[in-house]
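The whole structure should be built from the sequences, with the hints applied where relevant.
Chains as they are written, first to last, in the working numbering: chain G, 1 to 347; chain L, 1 to 98; chain R, 1 to 377.
There may be inaccurate statements among the hints.
Said to hold, decoys possible - When the alpha-carbon atoms are kept at most 16 angstroms apart in a straight line, the in silico EDC-like pairs for lysine to aspartate or glutamate are as follows:
#, chain 1, residue 1, chain 2, residue 2
1, R, Lys244, L, Glu38
2, G, Lys87, L, Glu90
3, G, Lys329, L, Asp66
4, L, Lys96, G, Glu95
5, G, Lys339, L, Glu53
6, G, Lys344, L, Glu64
7, L, Lys12, G, Asp320
8, L, Lys79, G, Glu215
9, G, Lys13, L, Glu53
10, G, Lys329, L, Asp61
11, L, Lys74, G, Asp320
12, G, Lys13, L, Asp61
As the list claims (entries may be wrong) - Sample of chain R residues facing chain L (criterion: CB under 10 angstroms; computed from the structure):
#, residue
13, Gly75
14, Thr114
15, Pro118
16, Ser130
17, Glu133
18, Arg134
19, Gly137
20, Thr139
21, Gln153
22, Gly156
23, Arg159
24, Ser197
25, Lys304
26, Gly305
No lab work stands behind these hints: they were computed from the structure. These numbers were taken from a predicted model, which means no experiment stands behind them. Backbone N, C-alpha and C define an ideal beta-carbon position, used for all residues, glycine too.
Chain by chain, the residues:
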Amino acid sequence: MTGIVSYGAYIPKYRIKPSQIAQTWGKELGEIEKSLGVYEKAVASYDEDTITLSIEAANRALQAGNIDPKNIGGITIGSESHPYAVKPSSTTVAEILGMGNDYLAADLEFACKAGTAGIQLLSGVVTQNKAKYVLAIGSDVAQSRPADVLEYTASCASAAFILGKQNIIASLLDFTSFSSDTPDFWRRDTEKFPSHGGRFTGSPAYFAHVYGASESLLKKVKMEPSDFDYAIFHMPNAKFPKQVAKKLGFTSSQLTPGFVVEYIGNPYSASSMVGLAAVLDIAKKGQKIFMCSYGSGAGSDAFVFEVTQEITNYRKKTVDTVQKQIKDKTYIDYSLIAKNILTKYRI
Amino acid sequence: MSTPASIWRQHKKLHTYLNKAGQLIVWTKIFVAPVGFEHQTPYLVGIVQLEGERLPLQIVDCEEKDLKINQKVKIVIRKIGKAKSEDVIEYGLKVKPL
Amino acid sequence: MRIKVRGTGLTKFGELWDKSLSDLAQQASLEAIADAGLEKNQIEAVFVANMIYGKLTGQDHLGALVASSLDITGGSVRVEAACASGGLAVHLAIQSLLSGTYQNVLVVGAEKMTDASPAAISSALMGAGSEAERRAGLTFPALYALMAKAHMQKFGTTRSHLASVSVKNHYHASMNKKAQFPFEVTMEKVLESPIISSPFTLFDASPITDGAGAVVLSSDFSTPGVYISGSAVATDTVDLAKRKSLTELAATKQASQQALKMAGVQISDIKVAEVHDCFTIAEILAMEDLGFCEKGMGGEFVQKGHTRLGGKIPVNTSGGLKACGHPVGATGVKQIIEVTQQLQQKAGKRQVKGANIGLTHNVGGSGATVVVHILQT
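Structure representation (structure tokens):
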């Protein structure tokens, strides 16, 4: 049985509140944090990017699982902020982790679900015994146009999952994916910032695909929402995941442990994956986890995991839990964001 | 400064430093930076004692007031300087306080 | 060893917009050759000291460039050892005379810095450091600031101690027409100036300067005059982090001990000295490492006024690098010229009474190269 052997998550420590961003742009503050349901978001330092974030999360996964990087036979990094348009982030990360040369590497892009697509693709490599371990990473230092509404929530984080067949802490019982050509949010190749279709990003986009993939998977595994202990959905804001969970029949207590958006914002490809890490930080043997990501353009990857008894032993080595990182923060003002814009766009 | 080949050679050494920790011997806060580091000011650089080796390294994710002599620090991998638009990005060692 | 300083020539140090590197090198050289009582064609070799001109402008081959501009067709070479280029050029010129190959040679240190931007200059100067230091975003002020911090941590040296070096050197420079900053400054001014790299302010650092200095050296010691009786070079790691100690320059100790031994004198015999104060802490370290005072006591030694004109051992009567200026390749040669003039009793208001033995101390980078010369009448 293929499953998660170890994992790691990294959330940069700087935080800024939506109200500070609104104030920078001279906007009406109102009750912005309350209406978004997002109180603060993570901000990366000027010397961090998708590659450095990936290294941090992957290294934590390697350490927690006590895995030799040379035994990783496949690596994918899903992101919409790969530092290069041409040149894989995954090989730079693999080199710096000490993975040697005997591995498959591929960079993935599918808006916020590029990371989870990697989990599905690489699980096949393990199941087919083509590699002992594989490493699927979701990492983003998200870009948004300054002063656009997305700026309140677009954040940064990374999560890495090592899959294998031995000593798994959570079995990957099944997965499915639901895709269509839906232009809700996009960035043309020469454009600096993404564009979006406003309210079009709701019902025909996020909801159609999350609902589509989730219903499909529940049917496939012949399970009900009540059979699960945890449910994790992609979190572009605090409202959408709560709405889709309710529509599907999941409760707020199932949602809460993986609900990370309120205090870190939306780290795009890492969103649902950081949520999964947060759940694994506390889940007990035998518990079942339902996860469904969403990526604009559009598609959703849904998964069912079951926690094994290995989790008890594994947890003794876990140091940087998601909750600990959410709490380990330093507030900054807009100046770091301004520096990041100047650095990233080489102004 | 850094060419693709020299960055490639440098990157190969990095994995041996992952997970290393050490102590901070001395540090300074730089307000006037050399080319490629202007956007980072002010920033902290110090001399770090790792086991068997001392290195000059930038200190990140902290304020000067948080540092103490012999402060325990750990290695992190970050971007080095500011690559020009068309250049290869260089990654390297920095430290952050434990 | 007795090598005669037969002639000297020195341009004004400062922001010299009208002068090119060639202009500066020629001016100093012609003055030195004339002072030596020689014709240009009697100079058999030219040693040009320069650190960053090639990097800033793309112009290398400075040995030939300068020599040929003086119609000299003999030996020529450019010498580089970061900020110790001048001192090292003098040392190598001396070796060429001792070998018997030449009898009269010219050493000219010249630097033209102000055409370039401060950022380009700062980066070029970091060529004196290591790749690891450049990767860490270090600058020369930062490297010396790390040494200052270590010294403050170990010996209780204070920012006031550091500032007193700057105040004293400015006082000396106020009597030197050739200095870049011929005016005094107060302790407050030094302490309250903008911080460049903690704990240093702008006034803890030597400036960016254009200038040139030249000396004609001769192996003919038949006539009285000023002689170089000791010349030594010592080397240490380029990387500050790899040194055995952050609070001393081992190369200063080694080079000075060797030079003093060559000259057959003790440090207590030295009446006047020009030391390498690229940053205030450097002068404090020099006082200790040369042996003028105990290790750790350098700050107090300066603050008490022992190195001021009229004190026990006047240091940097030219104004030092801080106040006279630091055209990198020229500094080591300027130091020889200042001590020569002191020994010739030609230093005017800056004259140290009875100066008959002097020392120059020139450092490259954060201490990787140190050159020490002893001069006597």
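Tested hints:
1. R:Lys244 x L:Glu38: violated, 31 angstroms
2. G:Lys87 x L:Glu90: holds, 13 angstroms
3. G:Lys329 x L:Asp66: OK: Lys329 (chain G) and Asp66 (chain L) at ~14 angstroms, within 16 angstroms.
4. L:Lys96 x G:Glu95: Answer violated: Lys96 (chain L) to Glu95 (chain G) is near 22 angstroms, above 16 angstroms.
5. G:Lys339 x L:Glu53: Violated - the C-alpha atoms of Glu53 (chain L) and Lys339 (chain G) are around 33 angstroms apart, more than 16 angstroms.
6. G:Lys344 x L:Glu64: violated, 26 angstroms
7. L:Lys12 x G:Asp320: violated, 27 angstroms
8. L:Lys79 x G:Glu215: Roughly 43 angstroms separates the two Cα atoms, so the pair is violated.
9. G:Lys13 x L:Glu53: Roughly 29 angstroms separates the two Cα atoms, so the pair is violated.
10. G:Lys329 x L:Asp61: holds, 10 angstroms
11. L:Lys74 x G:Asp320: holds, 14 angstroms
12. G:Lys13 x L:Asp61: holds, 8 angstroms
13. Gly75: Gly75 (chain R) check fails; min Cβ-Cβ to chain L is 34 angstroms, beyond 10 angstroms.
14. Thr114: Interface hint status for Thr114 (chain R): violated (17 angstroms vs cutoff 10 angstroms).
15. Pro118: holds, 8 angstroms
16. Ser130: Since chain L brings a Cβ to about 8 angstroms from Ser130 (chain R), closer than 10 angstroms, the hint holds.
17. Glu133: holds, 5 angstroms
18. Arg134: This hint holds: Arg134 (chain R) lies near chain L, its Cβ roughly 7 angstroms from the closest one there, short of 10 angstroms.
19. Gly137: At 4 angstroms from the nearest chain L Cβ, Gly137 (chain R) passes the 10 angstroms test, so the hint holds.
20. Thr139: OK, holds: Thr139 (chain R) within 10 angstroms of chain L, min 5 angstroms.
21. Gln153: Since the shortest Cβ distance to chain L is 6 angstroms, the answer is holds.
22. Gly156: violated, 14 angstroms
23. Arg159: Constraint on Arg159 (chain R) not satisfied, violated at 13 angstroms.
24. Ser197: holds, 5 angstroms
25. Lys304: Violated, about 26 angstroms.
26. Gly305: Gly305 (chain R) check fails; min Cβ-Cβ to chain L is 29 angstroms, beyond 10 angstroms.
The earlier numbered hints that this structure contradicts are 1, 4, 5, 6, 7, 8, 9, 13, 14, 22, 23, 25 and 26.
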